Amino acid sequence: MLSPKTPETKPVKLSVKDVAFSYGEKKILDALTLDIHAERVTAIIGPSGCGKSTFLKCFNRIHEVTTAVKVSGDMLIDGVDIYKGGIDEIDLRRRVGMVFQKPNPFPKSIYENVAFGPRLFGVNDKVTLDVLVEDALRKAALWDEVKDRLKESASGMSGGQQQRLCIARALAVGPEVLLMDEPCSALDPIATSKIEELIMELKESLTIVIVTHNMQQAARVSDYTAFFWLGRLVEMDLTERIFTTPRERMTEDYITGRFG
Amino acid sequence: MRAIATLRSPSRAKHVDKLMRGVLWVIALGFILVLAVFVGAILHQGWPVLRLDFLTRMPETLEAGGGIKPQIFNSIYLVLLSLGFSLPIGLGAGVYMAEYAGKGRTLNFFRLCIETLAATPSIVLALFGMIVFVQTLGWSFSIRSGALTLALLNIPVITRVTEVSLMGVPRELKEASYGLGATKLQTILKVALPYAATGILTGLVLTAGRAFGESAILVFTAGTNTSAIFPDFRLTVPGETLSVHLWYVTSDGTLPDAREIAAGTAAVMILVLLILNLSVRFLDRAIRRRTR
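Residue numbers (the numbering used here), protein chains in the order written: chain A, 1 to 260; chain B, 1 to 292.
Check the hints yourself; a few may be wrong.
Here are the computed distance ranges between Cβ atoms for each label pair [claimed, not checked]: (1) B/Leu206 to A/Gln216: 50 to 60 angstroms; (2) B/Ala36 to A/Lys26: 51 to 61 angstroms; (3) A/Gly122 to B/Pro170: 20 to 30 angstroms; (4) B/Val26 to A/Asp188: 44 to 54 angstroms; (5) A/Glu134 to B/Leu185: 23 to 33 angstroms; (6) B/Ser251 to A/Thr67: 55 to 65 angstroms; (7) A/Ala31 to B/Leu24: 53 to 63 angstroms; (8) A/Lys151 to B/Ala28: 35 to 45 angstroms; (9) A/Asp144 to B/Arg289: 19 to 29 angstroms; (10) A/Lys151 to B/Ser11: 52 to 62 angstroms; (11) A/Asp144 to B/Val26: 49 to 59 angstroms.
Since the hints were derived computationally from the structure, they do not count as laboratory data. As the structure is a prediction and not an experimental result, all values here were calculated from the model. Where a beta carbon is used, it is the ideal one built from N, C-alpha and C, also for glycine.
Chain B on its own, in the form it takes in the complex (with noise of 0.2 angstroms):
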């Protein structure tokens, strides 16, 4: 009689254990597969186009030949506006929602809020901005319309990054610091934040990378045009980006290589993206080894 036909022997644990381990490996390297395919195809593209005078000359409107200068302009110039505007308040909100809101209903409460924009999709944002900003304030489509809306959209991830952040700094550090007679303003400044900073960072590239992917805030908030002047620092002037510019010229088609430069376009955003991440990665590095 077997009463314990149900047991698996130690062996077939271990024969899972091998199986398991290698489905992991053959998923993550077809993933890694699918990610180079497409990135060798933008790229491979992308390649014939980029010349320095495509980066370097002013756009065209109806002939071929014409750059992509002021969008890449544009594109900087938004991400870090935007920046500077949710910047200090996703800072401040995530600060209080981990050091001062303490627990209970109104902290869940707040969260919900704020998970809710993080989740809102950026096209409610971007008719909301352009209701708010460019139609009621009546700053037309503008680098600051654009700005505004964009860190509507970057707000909720800095705060709840630094939220996390600050979560995963160890207690006993922070007890060290209060047990040396340090005010609670202090310790956030001298040991919490100092230890969340490579965590924040982190949460910040990404926030920039998918502010400087946006299109649809953009389309409808800094519009489809670009000032003449280069560079043009106004906040009243439209500011097309990269993104919106390769949405732009495949889908109104008035220029003759317009596949040309979205092409162009393409690659230089997905450049632009592996050089932010990868400085991220060595920034971290080097924050950790100050800090741990």
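Next comes chain A alone, as it looks inside the complex (with noise of 0.2 angstroms):
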């Protein structure tokens, strides 16, 4: 974990100036200014309502998929615009993935959801496919425990080898950035201990950022965390200085508890 006395050594990955965010009429988010460091965990925290699962889709543009959204100022991945024509919404997913906050596989055997990603690539080659899910799944530390049944439904897994079977999904399209929406709050204890130990292995290789409602697991996992309230950042820092000695009174007093 990064401590403020190491110097960040990382590149930027992402990087939010001035971003605004609106439904209709309705302000989501408003003057969001913020840099995420490659290969490392980024915690977004804040009360209910306060635009963190929004702003974590604005990175692979996914609730254009549902509504009609209006997005201003720049957001980059690698220096290069996601919103202004730099790269389609198809890539940047690919690049960007994303796990959910409920676990969403598809009612289909554990090796085609996994296989699902490198498919729609083209990828239809049998003896590749099943090295690209072997590692997925290897990655996601699901292997030992589904090689046995791969041709198995997804839907008779636990919650926890679930939401492992998704990260994997995301995993086998090899993305650069992982989103994670508050990716445990459906698990028990020891599901989400298992899955906060995938992120920091995770991290050796991918830039990650995960929202939570969770104090303990941002502190546990992130390098980075973000205090959102009301749809602005209000202040952003390593982990270990937020939870600390953060700048603001209002961090403390949410993460203390006396607010939220």
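Hints given; two lone chains; assemble the complex.
And the structure:
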């Protein structure tokens, strides 16, 4: 974990400059500016309805699927703007994977769930798919549990396994960034700790942004923490500083449970 | 003083609950009874006629002892042909309405059109089909006139069933697909349609059942005669179906055994519909096991 004494060595992966975001007339996010570093875990915390999930979804434009939205300002991945024609949303979503709040495996076999992404991009060769599926399941620490029942339906798995399957599915297309929207909120403590271990392993090669309601989780897994309130960024810093010496009074009140 | 006398006591609510359960049970039982008597009567009357040669002989026009072989063939042939026309159109329209049309006035207008078409009495479609296909295009009473008019009956139902089934696909699944970089078409083909398949299939079979039993449309477009050749796959020959035959023999009255033939035909139709509905249950369960 990054500490205040060691300087940041990783480049900026995602950069947000003066971003505002609205559904119709309703402004959800406003005046956001922050940087997210590669191969670090950035946690986003804040009370319900503060816009943190919405913010997460901006990074892969998944909100566009269901709602007409307006985004202003700059959102960059590796210096390329993701809204102003630098990259289309299909390529973006392959590079920026997402894990949702509720495990949402497809009603298909375990194997087909993981193979779904590679198949979209034209990989149909059995040998290649086998390798990709095994690799993704190993990365998601699920291989040993499911290697003998790859043909079985994913709906027969436990909630924690389903969520790790969803992570494997996201990993199978080789993303650079993984967005996680409260990935443990539907899981028991044991399943949660498995996901947290996984996050620590995955950040070796991925940029991870995680929205969480769980302060301990943010403290355990993240390098940076951003605190959102009413659609604005109150404070972002190294997780260690946020949880020990926050600059803003509001941040302190929130993480100590005085409001929220 | 009893200030809140109108409040019901919990025990009374429980009694009402029990009573209602009983009432609903009796209604259900009564309905099943009516159905059983109805089907039983048809099968009972038809049973003596249901011999193999009744199913495999050509019909007679003046003497007793005719069969319904060509009518069985025509019924199945017309249903399949009409589904062949209406399935691509209905499926396409349903996918458009559920996934592409967006919300708003245009969609509501489309939906109104479809619902009106679905509610159009079949005799209206029958006369429309007769004017357009039989007379204007000069196709006379033929399989093609019948199949196309029957397709008009099917299209709105298939469209609506497809739309409703697609609406029932959980948003989470679509998000998962888009989140992996799938395009809209990929998401529809690989996630939404497979999930909606059981619903669409059920609707399709109900549509087939309705088309199978339809008479008004076919009296005016496919005619009340059959080809002398069997099996005759030509689209230009007239094609009397089972339900049309049922109506024709009882109303025309040249056959001495019209009553028996009608009873046998009705029994065959009921049995076919029963088998159709049972096979759908079976198929539905098989698909559900594989996709959910």
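Hints, verified against the model:
For B/Leu206 and A/Gln216, the hinted distance range of 50 to 60 angstroms is satisfied, since their beta carbons lie about 54 angstroms from each other. For B/Ala36 and A/Lys26, the hinted distance range of 51 to 61 angstroms is satisfied, since their beta carbons lie about 58 angstroms from each other. Checked against the hint of 20 to 30 angstroms, the C-beta distance between A/Gly122 and B/Pro170 comes to roughly 27 angstroms, which is consistent with it. The hint said 44 to 54 angstroms for the Cβ distance between B/Val26 and A/Asp188, and at roughly 46 angstroms that hint holds.
The hint said 23 to 33 angstroms for the Cβ distance between A/Glu134 and B/Leu185, and at roughly 29 angstroms that hint holds. Look at B/Ser251 against A/Thr67: about 59 angstroms separates their beta carbons, and that is inside 55 to 65 angstroms. For A/Ala31 and B/Leu24, the hinted distance range of 53 to 63 angstroms is satisfied, since their beta carbons lie about 59 angstroms from each other. A hinted range of 35 to 45 angstroms holds for the C-beta pair A/Lys151 and B/Ala28, which are about 41 angstroms apart.
For the hinted restraint 19 to 29 angstroms between A/Asp144 and B/Arg289, the CB-CB distance of approximately 27 angstroms keeps it satisfied. Against the hinted window of 52 to 62 angstroms, the Cβ-Cβ separation of A/Lys151 and B/Ser11 comes to about 54 angstroms, which satisfies the hint. Look at A/Asp144 against B/Val26: about 57 angstroms separates their beta carbons, and that is inside 49 to 59 angstroms.
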